[in-house]
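Peer 1: Sequence:
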Amino acid sequence: MNENILLYQVKPGDTLDKIGGTIGMTGNQLKDFHNAHCGKMERLWFDNLVGIKQIIIPKEYKSPEQLKREADKNLPPLHLTEDFYADRYFVKETFSGLSGNDLEIDYQVDIGLKKFRKPVLQIILQKYDVMISKKRNSS
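Going letter by letter, the sequence shown gives residues 959 to 1097 in the working numbering.
Hints may be right or wrong, so weigh each one.
[To be verified] Straight-line alpha carbon distances no greater than 27 Å define the calculated DSS-like cross-link-like pairs of lysine-lysine that follow:
#1 Lys1026 <-> Lys976
#2 Lys1026 <-> Lys969
#3 Lys1020 <-> Lys969
To be clear, the hints were calculated from the coordinates, so they are not data collected in a lab.
Go ahead and model the full structure; you've got the sequences and the hints to work with.
Peer 2: Laid out in structure tokens, this is it:
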């Protein structure tokens, strides 16, 4: 049996809503959870538990909203902030030519951010210190 589920012994007077409420689920969510995990056990077709001895409940239930919040925490922000960018980047580009000569370009990029009244960032790129060198492949 799955280690994330429990068999709950139904007591007289129990309802799906009552049991679900204790673990943070609605009655319909609990019924759907049970039916998805019951295998050979009896499926629940109605909301009443008359004649049902046990149902399957999750050990730790997380609502779809909780799962979405947890997933959102692990994702990068939708909008990039000022902190995302470094002040300076060093770039080296190498282009391989058909004749066996490589062209290398080294340059530095300074990032300047401008703030506007609206929540928009404008990136100002300033390139300088460009070094171009040709290398001959020794193959």
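Peer 1: Given the hint that Lys1026 pairs with Lys969, test it: the Cα-Cα distance must not exceed 27 Å.
Peer 2: 33 Å, violated
Peer 1: Are the Cα atoms of Lys1020 and Lys969 separated by 27 Å or less?
Peer 2: 24 Å, holds
Peer 1: Check whether the Cα positions of Lys1026 and Lys976 lie no farther apart than 27 Å.
Peer 2: Distance ~25 Å between Lys1026 and Lys976 Cα, so the pair holds.
Comparing the model with each earlier hint shows a violation of hint 2 alone; every other hint is respected.
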